[in-house]
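Using the hints, position chain D against chain A.
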Amino acid sequence: MTQAILQLQAIEKSFPGVKALDKACLNVYPGQVMALMGENGAGKSTLMKVLTGIYSLDEGQIIYQGETRTFNGPRDSQAAGISIIHQELNLLPELTIAENIFLGREITSAFGRILWDEMNAQAAALLARLAISHAPQTRVGDLSLGEQQMVEIAKAISFDSKVIIMDEPTDALTDVETQSLFKVINELRAQGCGIVYISHRMQEIFTICDAVTVLRDGGFIHECAIADIDEDRLIERMVGRKLADQYPRIVNTHQGCRLAVSELSGLGVNNVSFNLNKGEILGFSGLMGAGRTELMKIIFGASAKTHGEINLNGNLIRLNSPQQALDAGIAYISEDRKGDGLLLELSVKENMSICALSKLSSGLQLRHQDEIAEVDQFIGAFNIKTPSRDARIGNLSGGNQQKVAIAKGLMTQPQVLILDEPTRGVDVGAKKEIYDLINRFKAQGMSIILVSSDMPELMGMSDRILVMHQGQITGEFDAAQAEQETILACAVGKTLNKDIA
Amino acid sequence: MSQSITAQPFYKRINKAWLIEQKSLIALMCLIFVVSLLSPNFLTVDNLLNILRQTSINAIIAVGMTIVILTAGIDLSVGSVLALSGAIVATLIGMDVPVIVALPVALIAGAALGAISGIIVAKGKVQAFIATLVTMTLLRGVTMVYTDGRPVPTGFSETADSFTWLGTGYLLGIPVPVWLMAIVFIGAWYLLNHTRFGRYIYAVGGNESAARLSGIAVDKVKIAAYAICGSMAALAGIIVTARLSSAQPTAGMGYELDAIAAVVLGGTSLMGGKGRIMGTLIGALIIGFLNNALNLLDVSSYYQMIAKASVILLAVLIDTKQKA
Chain A
1 MTQAILQLQA
11 IEKSFPGVKA
21 LDKACLNVYP
31 GQVMALMGEN
41 GAGKSTLMKV
51 LTGIYSLDEG
61 QIIYQGETRT
71 FNGPRDSQAA
81 GISIIHQELN
91 LLPELTIAEN
101 IFLGREITSA
111 FGRILWDEMN
121 AQAAALLARL
131 AISHAPQTRV
141 GDLSLGEQQM
151 VEIAKAISFD
161 SKVIIMDEPT
171 DALTDVETQS
181 LFKVINELRA
191 QGCGIVYISH
201 RMQEIFTICD
211 AVTVLRDGGF
221 IHECAIADID
231 EDRLIERMVG
241 RKLADQYPRI
251 VNTHQGCRLA
261 VSELSGLGVN
271 NVSFNLNKGE
281 ILGFSGLMGA
291 GRTELMKIIF
301 GASAKTHGEI
311 NLNGNLIRLN
321 SPQQALDAGI
331 AYISEDRKGD
341 GLLLELSVKE
351 NMSICALSKL
361 SSGLQLRHQD
371 EIAEVDQFIG
381 AFNIKTPSRD
391 ARIGNLSGGN
401 QQKVAIAKGL
411 MTQPQVLILD
421 EPTRGVDVGA
431 KKEIYDLINR
441 FKAQGMSIIL
451 VSSDMPELMG
461 MSDRILVMHQ
471 GQITGEFDAA
481 QAEQETILAC
491 AVGKTLNKDI
501 A
Chain D
1 MSQSITAQPF
11 YKRINKAWLI
21 EQKSLIALMC
31 LIFVVSLLSP
41 NFLTVDNLLN
51 ILRQTSINAI
61 IAVGMTIVIL
71 TAGIDLSVGS
81 VLALSGAIVA
91 TLIGMDVPVI
101 VALPVALIAG
111 AALGAISGII
121 VAKGKVQAFI
131 ATLVTMTLLR
141 GVTMVYTDGR
151 PVPTGFSETA
161 DSFTWLGTGY
171 LLGIPVPVWL
181 MAIVFIGAWY
191 LLNHTRFGRY
201 IYAVGGNESA
211 ARLSGIAVDK
221 VKIAAYAICG
231 SMAALAGIIV
241 TARLSSAQPT
251 AGMGYELDAI
261 AAVVLGGTSL
271 MGGKGRIMGT
281 LIGALIIGFL
291 NNALNLLDVS
301 SYYQMIAKAS
311 VILLAVLIDT
321 KQKA
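Here the protein sequences line up with chains A and D, keeping their order. The first sequence begins at 1 in full-length UniProt numbering and counts up one residue at a time. The second sequence begins at 1 in full-length UniProt numbering and counts up one residue at a time.
Just so you know, these hints were derived from the structure itself, not from any lab. Be a bit skeptical, because a hint or two may be false.
In silico DSS-like links for lysine-lysine, alpha-carbon gap of 30 Å or less [to be verified]: (1) K278(A) / K431(A); (2) K23(D) / K359(A); (3) K123(D) / K338(A); (4) K125(D) / K338(A).
Ranges of calculated distance between the beta carbons of each label pair, as one might list FRET restraints [to be verified]: (5) Y190(D) / F182(A): 55 to 61 Å; (6) G254(D) / Q365(A): 44 to 50 Å; (7) D148(D) / L103(A): 56 to 62 Å; (8) E88(A) / V134(D): 33 to 39 Å; (9) K125(D) / F111(A): 41 to 47 Å; (10) Y190(D) / N313(A): 36 to 42 Å; (11) D46(D) / A381(A): 58 to 64 Å; (12) F111(A) / G254(D): 43 to 49 Å; (13) R392(A) / T168(D): 43 to 49 Å.
Where is the CB? At the ideal position from N, CA and C, for every residue including glycine.
With the rest of the complex left out, here is chain A (with noise of 0.2 Å):
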């Protein structure tokens, strides 16, 4: 093997009360990506900000080029040459997509002034070659999630890092936009850059991985070439036991129609019909923007519709805001966690019934023993890791965080469950125990609707497959017999009918 450029060895760091890191290694060598595999809480965020001198470290070195290296911050890191794209967008939505690349660095005159013809020629060279279709002074906040992840990775690709570090950058983006992303990566991979690639996808960990490396529980598991390891081996390895089926598909036993959608239009979503039954999971597929999570939001009552009506057990519902939606018996739960779908200063307890309040309440006053007891209940049901009810829920994980969301939605004993992205940046372990929950639901007749960007894991819970494109419905599978390509193709636009396929 090559010599490495990055060496982490023995990297240890403690918090209060926490040991983050204990004895955490990593080796980056060029022209290779090195996946960085662990479930949530395992360290690698925590040896990322290490790497990049966001924390210091109590114990270890890092050999950077043959030196042993301290850097101060990001600013020190990146003018070294390590450069990382945090899961967590930070740009500037007022600003265009040339000013966020060249943020703080623009390129100026001998006299100070901007040289904006300049500074926009070489953001759209960069654009052309993520192969992004936005003139270079698009706003950013016009911008889809997507592809303001994509304008991220623009940017630390504009510093020519020998080291770039990627923290779960496909989370946002569409299969087209990740293909582009690939390629980029290749194109580094082949310059010699060094890449340490984060991600809980495990398909894409195959695809574009030359070597993985494991840490569990803040310590180094394993390193080794990606050929030589396949996926179950993998998980064993991340997660530190066997695990079972990942996708426990039950069979629906109830039957009858719960929600009947016809020719629901609104904010893009245009002329969309579906049935959902009782007992069933209804998987919606389709690329960033196709009107998937406008059409919950019109169901839900949070968006207005210009046209259409909603049937939910047979009677006609008129839904104007979430309130009367929660009340009808639907509840929607947010890809967005941060943005609308947690209140990230209150306690779990506060999060978790805050949209049950009025069944928890007599007349003004909350029933605080009933609310204690009912927070408890689906705590301890749901496996939920919180050192306490009252603990700020910002400070739990992906997944613990998804966890609570859940449950604030089921607190509502809702008849019909949506469950927006449920398992984004969510880890293995707890994924599966999200897979359990939703099939507990279904067998007890819950109607299910899933919205989801995992191809494995829609074809894997959901009984059929809507496919969604530019606010319309082209394509309807039956899990069983559906196939990924045939899926993808309705997502990009092709109207297929399952009849013919």
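Chain D in isolation, oriented as in the chain A frame:
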């Protein structure tokens, strides 16, 4: 619940985290301790009651302000609402309307005036600062037009005498405004901690879109918060009017800033969603004690402003240091 914090004995809860949490209370204690060493007249029952009575106006306004700030808003119009409500109640008392009728009318008027701000913020989607800057100016103008720029006397009737008791009277040896302040704080504490509406206030301030998607009627919560703030300002206006036996058209100018200072000193975040009502009480008391102490120590009123500003700056700096 066995692991519940409240089940622990009091002394076990005094640890570092608790000290940080209670820093405004500790600051207040230190202030009292230092001043009582410096001035023998400070720690007397008369002076303490005096301080509480002087603090009550600002503290009552600050209760409403806390609720509005918790929704991530702000209300600059409290001083104007105070003046207009004061003028209304003075007029009613002057017309010999019984106190039992005049008071609710003035409180409801204050709530309605506050609700105007709330509607502009919630329905008009105008930033709270701008919206209440508008209502502040507007309502001051209305007050001036209504009073013609002159004080409104409450007259010398028996009604006026019983009305004056609200500002100057004592009950069980404690000034009436202090009783009112206590009632208001207990009510606000109950509202914020033991009702659905209270939880919704924190939710709306913490993350408005999440609150909306959780089925909370965000607009109604906001309007109600401003209405409560308006009625608190009206109550303060009633006390001020009762104390002076007349309503001044310029009453309450600049009171919004003292109220905001009390809220911030009490540890409530101006970003919304985070804060405790009892913190506001302590914040108001710090300002009240400081004013009194500087008076007792013969500090000129010019220097008092500088001293007050320094204390507030110091408190806010400590607060931000901790979060960083």
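Let me make sure I understand: some of the numbered hints might not hold for this structure. Which ones are they, in numerical order? Going through the list in order, the structure violates hints 2, 6 and respects the others.
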